[in-house]
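Protein chains: 2
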Amino acid sequence: MHKKHNFGAGPCILPSSVMEQAAQAVINWGGMGLSILEVSHRSPEFEDVVLKTQLLVRELLSVPDHYSVLFLQGGASTQFAMVPMNFLRAGEKAAYLDTGYFAQKAIKEARLFGEVEIVASSKDKDYAYIPDLFNIDNESVYIHYTSNNTIEGTEIFDFSATGVPLICDMSSDIFSRKINVNDFDLIYAGAQKNMGPAGMTLVIAKNEFLNQAKKEIPSMLDYRVFRDNMSMYNTPPVFSIYVAMLNLLWLKDQGGVSGIEERNIEKARLLYAEIDRNPLFYGTADVAHRSRMNVTFLAVNKDVEAEFLKFAADEGIVGIKGYRTVGGFRASLYNALPLSSVEVLVNAMASFEKIYSEKTVLELE
Amino acid sequence: MHKKHNFGAGPCILPSSVMEQAAQAVINWGGMGLSILEVSHRSPEFEDVVLKTQLLVRELLSVPDHYSVLFLQGGASTQFAMVPMNFLRAGEKAAYLDTGYFAQKAIKEARLFGEVEIVASSKDKDYAYIPDLFNIDNESVYIHYTSNNTIEGTEIFDFSATGVPLICDMSSDIFSRKINVNDFDLIYAGAQKNMGPAGMTLVIAKNEFLNQAKKEIPSMLDYRVFRDNMSMYNTPPVFSIYVAMLNLLWLKDQGGVSGIEERNIEKARLLYAEIDRNPLFYGTADVAHRSRMNVTFLAVNKDVEAEFLKFAADEGIVGIKGYRTVGGFRASLYNALPLSSVEVLVNAMASFEKIYSEKTVLELE
Chain A
1 MHKKHNFGAG PCILPSSVME QAAQAVINWG GMGLSILEVS HRSPEFEDVV LKTQLLVREL
61 LSVPDHYSVL FLQGGASTQF AMVPMNFLRA GEKAAYLDTG YFAQKAIKEA RLFGEVEIVA
121 SSKDKDYAYI PDLFNIDNES VYIHYTSNNT IEGTEIFDFS ATGVPLICDM SSDIFSRKIN
181 VNDFDLIYAG AQKNMGPAGM TLVIAKNEFL NQAKKEIPSM LDYRVFRDNM SMYNTPPVFS
241 IYVAMLNLLW LKDQGGVSGI EERNIEKARL LYAEIDRNPL FYGTADVAHR SRMNVTFLAV
301 NKDVEAEFLK FAADEGIVGI KGYRTVGGFR ASLYNALPLS SVEVLVNAMA SFEKIYSEKT
361 VLELE
Chain B
1 MHKKHNFGAG PCILPSSVME QAAQAVINWG GMGLSILEVS HRSPEFEDVV LKTQLLVREL
61 LSVPDHYSVL FLQGGASTQF AMVPMNFLRA GEKAAYLDTG YFAQKAIKEA RLFGEVEIVA
121 SSKDKDYAYI PDLFNIDNES VYIHYTSNNT IEGTEIFDFS ATGVPLICDM SSDIFSRKIN
181 VNDFDLIYAG AQKNMGPAGM TLVIAKNEFL NQAKKEIPSM LDYRVFRDNM SMYNTPPVFS
241 IYVAMLNLLW LKDQGGVSGI EERNIEKARL LYAEIDRNPL FYGTADVAHR SRMNVTFLAV
301 NKDVEAEFLK FAADEGIVGI KGYRTVGGFR ASLYNALPLS SVEVLVNAMA SFEKIYSEKT
361 VLELE
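Residue numbers (my numbering), protein chains in the order written: chain A, 1 to 365; chain B, 1 to 365.
If you are wondering where the hints come from, they were derived from the structure by calculation, not from laboratory data.
Note that the structure is predicted; figures quoted are calculated from it, not measured.
Worth double-checking, as some hints may not be accurate.
To be verified - The calculated label-pair distances, taken between Cβ atoms and stated as ranges, are:
hint : chain 1 : residue 1 : chain 2 : residue 2 : range
1    : A       : Q24       : B       : D48       : 51 to 59 Å
2    : A       : D183      : B       : E216      : 55 to 63 Å
3    : B       : D183      : A       : L339      : 55 to 63 Å
4    : B       : D126      : A       : K123      : 54 to 62 Å
5    : A       : A161      : B       : E216      : 31 to 39 Å
6    : A       : E92       : B       : M232      : 53 to 61 Å
7    : B       : K252      : A       : S351      : 22 to 30 Å
Claimed, not checked - Once the Cα atoms are required to be at most 25 Å apart in a straight line, the calculated DMTMM-like pairs of lysine to aspartate or glutamate come out as:
hint : chain 1 : residue 1 : chain 2 : residue 2
8    : B       : K206      : B       : E343
9    : B       : K105      : A       : E92
10   : A       : K93       : B       : E216
11   : B       : K108      : A       : D48
12   : B       : K214      : A       : D48
13   : B       : K310      : A       : D48
14   : B       : K105      : A       : D228
15   : B       : K214      : B       : D228
Ideal Cβ placement from N, Cα and C applies to all residues, glycine included.
Given these sequences and hints, build the entire structure.
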């Protein structure tokens, strides 16, 4: 059905079987004679979807019982503000790790609420690496990480305890690899990478931490309101939650997070190997911090960029253009992208190299 | 395809043709070889969807050029807080009309930001009518209305100028009837009634009014950020916007808002006539303020309720159970509900009356 190899950075590829089930539910959901788009969120059938989706999140990530699993709206960008709105009081200080574009956005929003200390930054090298953490002030009310930097192509693999509550934006790598939820006080993620379609946000938070939040927060910006109302204080993004459930069921069938992690490691290994081998391209991120989700690379000769994009498009490869501020290429290898698509890209890079070097030889003659 | 007569209060019925196009796009959107769920929101194809949807809103509601049309997330419940967060400063006062459950929710959130004056209320009669407006303090920074009270079954048909900026929650009657956008400074509406699936919020606002908003508001809660970024500061609810576009195209084909208004008037007339005629039922709202969208009624004999719900279900009628705090019945007659479904309900009420009175006679004999 899907002939394209979709390397888009998000909203991104989801499994074909999920698309087919979702389309069927839009016409007639479960034989109810109703579309999933027209059912009440208060119907027992949809309440069951919310519950199942929560349970799948718990099962796939081994979420401990003393954590809540919440579904919100507004994406990570809303979380950038909601985290400090709930947990950073005026006069207090929060620690932020500055690892790129989205980390900076989180920092900007937090500054509206209290003091922000950037405890480490990789800005000096255009965010091509993950900085080591030093000197976390124990008075910080939390420390904020961005586990995967979608634009810069870096990923944090080591979450060392710092002694202060750890909050992490996992928008672009949640469900791609095993994590220890116990390491974190609050995890948030826009759904539109490995969870489901755009329009929902996942939050996993330690109840004890949520209980420390400020009072007098607007209902829709108060995590406890979502927790106390099973994420249905108001009408939730019904379709996005439903498709997330389908996608998490698919993930479970793939051997869960550890099953998919093995395949994600293999996909990333294959592509980075070609980038390192192929004289026309080079990777931008430090090898130790290379993201498995977003592989960023440049052409040695900038003139080649447009040519390769066209060459790749002819092979059915879409979504590999680098982020506008960075340029070059970005191939996103999210869970649903099959190894075969990575093989197509790798082969295209090798074929292009061959054609390009023959052409160059010809031009030199 | 849809055999049920869906009178649900929202998420609610959408046209079958819209469901079919939406399902097709989930499989393969416009022959691109990609699902609508996996396309980038920054793709020219999706940017075109956002633009078209904005233009359809402008055309269908005759939105003047000096108003912005924005697509947000979080539903009306988020707007309850976002309106005062943007426009009500500490020490200032805002006027609210208290016409029911959702108006009260808006009032509760506004109180977090400044003084709230309830300038009129119909609480004395369980919100069965729309109160007249008296004595609007000119110092109020805005007045807030709820144009249609989904739970109580009342609707405001007269928006008299009060001399202060008018903000209106039109979640459940926008696109159902003609309005004069010039009467309002800001209109908001959760999409999941007459606009599209759950997961998006429409805001129509006078630019001059938006420019008066407070500074230092988190980006995702600042209307100007949405205005200045074509509603795509972050990843928008792609699928909800796409289906809204399909639905607004359908509405245009129906003769636009004036075409649908005529049919909505006829649908409501038919059902209220049966409620008034049928001795088993009675309407709850004052006749002058009866909602065309949500028709609320009770059984004269409370014992009849469960029986009629079952009887109606056998006729393929779903979603007519009244809101949990109110009981009785609520039949929502949103745009996509065909007149034929209303006829089925009216006939069911008449048949039920016949059976019930025969049974009662039998029991009395």
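Would you pick out the hints that fail for this structure and give their numbers low to high?
Of the numbered hints given earlier, those the structure breaks are 1, 2, 6, 7, 8, 9, 11 and 12, listed in rising order.
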